[in-house]
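So the chains spell out like this:
There are 2 protein chains.
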Amino acid sequence: MTEMIQGAIEYAREHGDRFVDELLEMLRIPSVGADPAYAADTRRNAEWLANHLAALGLDNACVMETAGHPVVYAEWMGAGPDRRTVLVYGHYDVVPATMEDGWDSDPFEPVIKDGKIFGRGTTDDKGQLFIHVKALESFLKTSGAAPVNVKILLEGEEEVSSPNLVPWIQEHKDLIKADVCVISDSSMRVVEEPAITHSLRGMTYIEVEVQGPREDLHSGFWGGATHNPALALVEILKSLYNDDGTIAVPGFYDDVVPLTGAERAMLAKIPLTDEQFMAATGVPAVWGDANYTIRERVSARPTLDINGLWSGYSGPGPKTIIPVRAGAKISSRLVGNQDPNKIFELLKKAIEDATPPTVTVDVRLLTTGKAALIPFDLPEMQAASRAYERGWGYAPVFTRGGGSIPIVAELADLLKIPVVMMGYGLDTDGLHSPNEHYRISMFKQGIETAIVYLDELAEL
Amino acid sequence: MTEMIQGAIEYAREHGDRFVDELLEMLRIPSVGADPAYAADTRRNAEWLANHLAALGLDNACVMETAGHPVVYAEWMGAGPDRRTVLVYGHYDVVPATMEDGWDSDPFEPVIKDGKIFGRGTTDDKGQLFIHVKALESFLKTSGAAPVNVKILLEGEEEVSSPNLVPWIQEHKDLIKADVCVISDSSMRVVEEPAITHSLRGMTYIEVEVQGPREDLHSGFWGGATHNPALALVEILKSLYNDDGTIAVPGFYDDVVPLTGAERAMLAKIPLTDEQFMAATGVPAVWGDANYTIRERVSARPTLDINGLWSGYSGPGPKTIIPVRAGAKISSRLVGNQDPNKIFELLKKAIEDATPPTVTVDVRLLTTGKAALIPFDLPEMQAASRAYERGWGYAPVFTRGGGSIPIVAELADLLKIPVVMMGYGLDTDGLHSPNEHYRISMFKQGIETAIVYLDELAEL
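Order-wise, the sequence lines are chains A and B.
Using numbering that gives the first Met the number 0, the first residue of the first sequence is number 0, and each one after it goes up by one.
Using numbering that gives the first Met the number 0, the first residue of the second sequence is number 0, and each one after it goes up by one.
Treat the hints as calculated values from the structure; they're not laboratory data.
Bear in mind the structure is a predicted one, so any value in this text is a computation, not a measurement.
Treat the hints with care, since some could be wrong.
Since copy identity is lost for identical chains, a pair holds within one copy or between any two.
Calculated pairs, BS3-like style, for lysine-lysine (alpha carbon to alpha carbon, straight line, at most 30 Å) [stated by the list, open to error]:
| id | residue 1 | residue 2 |
| --- | --- | --- |
| 1 | Lys176 | Lys443 |
| 2 | Lys443 | Lys112 |
| 3 | Lys112 | Lys172 |
| 4 | Lys268 | Lys237 |
| 5 | Lys347 | Lys237 |
| 6 | Lys348 | Lys237 |
| 7 | Lys237 | Lys341 |
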């Protein structure tokens, strides 16, 4: 087996620059799944991937329809039924990005600078999903075989919480049957400390809109006796928080499983100091529930964040109106046993209860996602740990991720297999931010680690 | 004199439809003074007016530069030095308008429906300023003379609080020297109750921007320990109000001159009921300081309104970011002795005091305007009252306007002359709103009233 691994790694090194060029080609497709204006581009990305996988010699490579953006599927089952099968999951959709957000260069015209690729989707998740594709290519083009069977499942709706993937999986359970699922859509604090994420936060994402008058009003005519919808929204939003930054929605914390002393001790091994946090984010001071460390707040505690606000006039100069309406996007990161739909009901009730009779309110659920927790003593998790040691050069830490990949919990529940989250990104890659980027060296080292992981799985 | 008046009125009736066509031509110029994108259009409107006035035979018709949008000036001094001179003030700039705001038709492609012209600027103020132009034309084209001298001063920055008109007036005091100033930029409750506005609210208009991180952050990574700038803005804005809707900014009410019993009795003559207010605005319930009647709240009491809010993502679907910043446009309508610059300092201090160390804040002054109060027993005011009786068919009420025309106070202060605000619009014309409109019958009756007012001034 060693020779087979060695061959694959040498191939990956030899063809690394071409792999980067291919990734750049995919990054140029603006697959902004959330925005209907980019629906055709999102589909084009799916087709690009299916064609790419077919060209590498994978079987059954195809674009499969869902009620939303399609799923890309392909498989290599040449290792035979006696070998394990690994299901690789990734997503080709990206969050919105425009120059106005503060990008230094076109988010969909990637540029390489200082050994990093700058562009939307570089680290989340096109760069990371491509690692597995290139690892498999490296085996197939050298030995004509991989140590285990590989199935690849790539979706186009991860950034909107995968609303159509669960029904798709339920219909295709046999097709994607596997022994373990591996996902690379997470990150590490520093290169020397790779991370296997064994816990993810869930999500409830809502949109709130307050309406007062039937249209914008002249603030001179009607100001003083009209409850300004922007003010009403401010009052409603304020009521959802306590002064100490905790969440005031009744019942919100009821189902949070308290952190044990052992868990807190493990999290304390990878501390996040005020200085590190301020340097990474640029905030003038750290905020949040003082009863928990910064690391705990961003990974093991639930949140309620305002993701967007809009009302009235935001152009240049003054405009003296009372806006007809005011809206907000709000999302909650969930942990432990918090149920996303129950949290939606609690939020909706709290918002409606806080709404005065002078305005009307509409609370809409946009997406939900379950939180996930995978035991880290499973053999497939320990195999991942050894793969990092051999392929990456450093032993990993097991960490809790603050983000949400709702499909992780769904995959584990529906397929009854371990889901191993081997991140190949850096916390500071700026995912979801302007100037998202990905280090080429991590992309290349990731491919080698992914090659080794297939070997480790074969040895189990 | 009666024959001269009669001739002018007959001419106005005969040419009324052409007057409307000319007004439509001007309404098609999108003179959105506040938006730099419309600077060329705004200038084009000034040139259109200067050409129009020159073509009517007025002297010295010209576009005069200021540091911002130009002033249009023209005069007819043929009544001679023994006659009074009236200065007509109006403004050709309009507030922003786009179809997305909820217009049923293009705001700058006016349409006539049910006897009303729909379009931005129809009532505020192109339709109303044009009344005086057409009244003067009706005299000049019939008698070759008007009963008094007329100077016309039209500006392009009223909607941004006339920042450059005061210096212009100071430089051109001799040019615009007059005995009385008349302005038609206000409205009445119903046609049968025309209104002379003898008081206007002042204004302090600010923009507030809160910044937290250096760019948008992934809410999963950093949420829980980052003070969300949108939440910080919500907290700051909430702190500016008391729970009863009054303003919590320290010192805000200090210089408000209390309403006397006599003033309250006069305002009580033109009540505004809950039902009327709800019907006119569409709000589900009336709001505000319960110590004052609705009419008092919207005209004789100061306000603090949020005119715009923005932060993060407001497109379709979810985007899980902590926004880099959040902003608001906020304006205060001022009364009595409230000084706009002092109010700005109070607001700035209150906002800065309410800003926690977890974010930074920037408070910018956009515009200010003084409140105005003109005694209604002046002869020029009483002449206006008679003009309505003769030309409009109904005796007017003297009312307090809730809006702000800062230049009214400046004109009165700088020129030491009475400023008579003869409104020819309806409260429900939707100025500053989508589907702003103006009744053609009021436009035509306004011209007749303006003709009569020149006669009444000559008789003083």
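Each hint, compared with the structure:
In this assembly of identical chains, the alpha carbons of Lys176 and Lys443 lie at most 30 Å apart only when taken from the same copy (29 Å versus 80 Å across copies). In this assembly of identical chains, Lys443 and Lys112 lie within 30 Å of each other by CA distance solely inside one copy; the values are 16 Å within and 68 Å between copies. In this assembly of identical chains, the alpha carbons of Lys112 and Lys172 never lie at most 30 Å apart, being 43 Å within a copy and 61 Å across copies at closest. In the homo-oligomer, the alpha carbons of Lys268 and Lys237 never lie at most 30 Å apart, since the shortest distance is 35 Å inside one protomer and 40 Å across protomers.
Taking the shortest alpha-carbon separations for Lys347 and Lys237, both the intra-copy value of 15 Å and the inter-copy value of 21 Å come in at or below 30 Å. For the identical chains of this complex, Lys348 and Lys237 are neighbours both inside a copy (15 Å) and across copies (21 Å), given an alpha-carbon limit of 30 Å. When the C-alpha separation of Lys237 and Lys341 is checked against a cutoff of 30 Å, the pair qualifies both within a copy, at 21 Å, and between copies, at 28 Å.
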